[in-house]
Amino acid sequence: MTRHDWQKSSYCAQGNSCVHVADTPGAVHLTESGDPSGAIVTTTPTAFAALTHALKEGDVHARAAH
41 MTRHDWQKSS YCAQGNSCVH VADTPGAVHL TESGDPSGAI VTTTPTAFAA
91 LTHALKEGDV HARAAH
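Residue 94 in the working numbering sits at position 54 of the sequence shown, and the numbers go up by one each step.
Think of the hints as simulated: they come from the structure by calculation, not from any bench. Some hints here could point you the wrong way.
Label pairs and their calculated CB-CB ranges [said to hold, decoys possible]: (1) Gly-74 - Asp-45: 33 to 43 Å; (2) Gly-98 - Arg-43: 13 to 23 Å; (3) Glu-97 - Arg-43: 13 to 23 Å; (4) Pro-85 - Arg-43: 13 to 23 Å; (5) Cys-52 - His-93: 14 to 24 Å; (6) Leu-95 - Ala-67: 13 to 23 Å; (7) Thr-92 - Ser-57: 13 to 23 Å; (8) Ser-50 - Glu-97: 16 to 26 Å.
A virtual CB, placed ideally from N, CA and C, is assigned to each residue, including glycine.
Let the hints inform the model, and build the full structure from the sequences given.
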C-alpha cells in the first residue's frame, strides 16, 4: 500500500470536515480529514486541475450538468 503525505487546505477550519489531498506520480488522491486512511478517491492531475479551476470560478454546477 502506498503511503500518502496528506495536505489540508489553509482555507479549512478546525475540525473533521475537510478534504485532504496527496499526490503521487501521475495521480492525485483525495480523502476526508476525519478518516484519512479510509476511502480514497484517485484522479488524474488534469481532472483535479479542472475541478479546482471550476471551484475557483464558481462554475461547478454548470460543468457537472454537461
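Q.
For a quick check of understanding: which of the numbered hints are violated here, in increasing order?
A. Violated hints (numbers, rising): 1, 2 and 3; every other hint is consistent with the structure.
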